[in-house]
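To get the numbering used here, take the position in the sequence shown, counting from 1, and add 29.
Because the hints were derived from the structure by calculation, they are not lab data. Hints are supplied without guarantee of correctness; some may be wrong.
[Claimed, not checked] Have a look at the derived ranges for each label pair, beta carbon to beta carbon:
1) N57 <-> N34: 24 to 30 Å
2) S55 <-> N34: 25 to 31 Å
3) Q65 <-> F44: 24 to 30 Å
4) G67 <-> G47: 16 to 22 Å
5) A43 <-> Q65: 16 to 22 Å
6) G39 <-> V64: 14 to 20 Å
7) A38 <-> S58: 17 to 23 Å
8) N32 <-> I53: 15 to 21 Å
9) I69 <-> D46: 26 to 32 Å
10) D42 <-> S66: 17 to 23 Å
11) F44 <-> S66: 14 to 20 Å
12) D42 <-> Q65: 27 to 33 Å
13) A45 <-> Y68: 17 to 23 Å
14) V37 <-> G61: 14 to 20 Å
A virtual CB, placed ideally from N, CA and C, is assigned to each residue, including glycine.
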Amino acid sequence: PANANTVVAGLRDAFADGSSKAVILSINSPGGSPVQSGYI
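Make the full structure from the sequences, and use the hints.
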């Protein structure tokens, strides 16, 4: 599931990889509470 915990874990992995030059996030949110985006 896409939630703050899985996204943050993926971002940490991407930034830990020295060969990564960039990280692009495409967030398709129907709205709702902004709490999860605050965690990220």
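Tell me the hint numbers this structure goes against, listed in increasing order. 1, 2, 3, 4, 9, 12
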